[in-house]
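If you read the protein sequences in the order shown, they are chains A and B.
Residue numbers are given in the working numbering: position 59 of the first sequence equals residue 59, and the series is strictly consecutive.
Residue numbers are given in the working numbering: position 89 of the second sequence equals residue 1089, and the series is strictly consecutive.
Just so you know, these hints were derived from the structure itself, not from any lab.
It is possible that some hints are incorrect.
[Unchecked claim] With a straight-line Cα cutoff of 20 Å, these simulated SDA-like cross-link-like pairs (lysine to any residue) come out:
1. B:K1049 / A:N103
2. B:K1069 / B:H1009
3. B:K1049 / A:A2
4. B:K1102 / A:F28
5. B:K1102 / A:F67
6. B:K1102 / A:T31
7. A:K41 / B:D1085
8. A:K41 / B:H1009
9. B:K1102 / A:N103
10. B:K1049 / A:E104
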Amino acid sequence: GAVVSQHPSRVICKSGTSVKIECRSLDFQATTMFWYRQFPKQSLMLMATSNEGSKATYEQGVEKDKFLINHASLTLSTLTVTSAHPEDSSFYICSAAGTRAYNEQFFGPGTRLTVL
Amino acid sequence: AQSVSQHNHHVILSEAASLELGCNYSYGGTVNLFWYVQYPGQHLQLLLKYFSGDPLVKGIKGFEAEFIKSKFSFNLRKPSVQWSDTAEYFCAVNERTGTASKLTFGTGTRLQVTL
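Work out the full structure, taking the sequences as your base and the hints as a guide.
Set out below in structure tokens:
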């Protein structure tokens, strides 16, 4: 199956700093990438959808200036959490869909962000 | 807007018991349907999916699901669960379009299998 990686897998940062999370499709071209957030023992909530080369579409209630998404190539999307606060601590998961099968999303392993 | 309901939030079963987890969705158009599993401390894995064709789909690890269009349901089943099936199970739906569309997840069902 298609492989999606995320880096880093875990990150701890101080309040007020910015953190960048990378999502890569390793063996296929991802025309669309999705970013989700998962709180402990809860479901995945879609944050935004990004298409390669265009601006991301954010879900209602998600601050686009706080969660910056860049999808500059067909294999890489990044999520930057700017001026992170403890309430941003969460599990961030990306998925990718594209030329291999647009109907199905392939998920990355997630990034655990802890803001102190 | 799409929504997905999973009625069972926490299910406890003994090994070898049969499993059925409910999933209902609301959407008027054509959809793709998925079940994902998340083992403790691990990432999401696809159990099975339905795009079209035979409404009874078989997935990995002995799981199957049946799409009943008239009931807007896609229930997950397994005839005999194992302790290793202890995990969180998510039903998800997306709209079938010509491009990738966003997934809507249910709230999840925590399955606990006891020995």
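**Asked** Holds or violated: K1102 of chain B with N103 of chain A, Cα cutoff 20 Å?
**Response** 10 Å, holds
**Prompt:** Are K41 of chain A and H1009 of chain B close enough, with their CA atoms no more than 20 Å apart?
**Reply:** With a Cα-Cα distance of about 11 Å, the restraint between K41 of chain A and H1009 of chain B holds, given a limit of 20 Å.
**Request:** For the pair supplied as a hint, K1049 of chain B and A2 of chain A, confirm whether the alpha-carbon distance does not exceed 20 Å.
**Result:** Holds, at about 15 Å.
**Request:** Could you grab the alpha-carbon distance between K1049 of chain B and N103 of chain A and see if it respects the 20 Å cut-off?
**Result:** 10 Å, holds
**Asked** Is the hinted pair K1102 of chain B and T31 of chain A satisfied, with a Cα-Cα distance of at most 20 Å?
**Response** 13 Å, holds
**Request:** Mind checking the alpha carbons of K1102 of chain B and F67 of chain A for me, to see if they're no more than 20 Å apart?
**Result:** Holds, at about 18 Å.
**Request:** Assess, step by step, whether the Cα of K41 of chain A is no farther than 20 Å from the Cα of D1085 of chain B, and give holds or violated.
**Result:** 17 Å, holds
**Prompt:** Going straight from one Cα to the other, do K1049 of chain B and E104 of chain A come out at no more than 20 Å?
**Reply:** 9 Å, holds
**Message:** K1102 of chain B and F28 of chain A were given as a pair; does the straight-line alpha-carbon distance stay at or below 20 Å?
**Reply:** Since the Cα atoms of K1102 of chain B and F28 of chain A sit roughly 19 Å apart, the hinted pair holds (cutoff 20 Å).
**Message:** Hinted pair, alpha-carbon criterion (20 Å max): K1069 of chain B, H1009 of chain B. Please report holds or violated.
**Reply:** 23 Å, violated
In this structure, only the earlier hint numbered 2 is contradicted, and the remaining ones agree with it.
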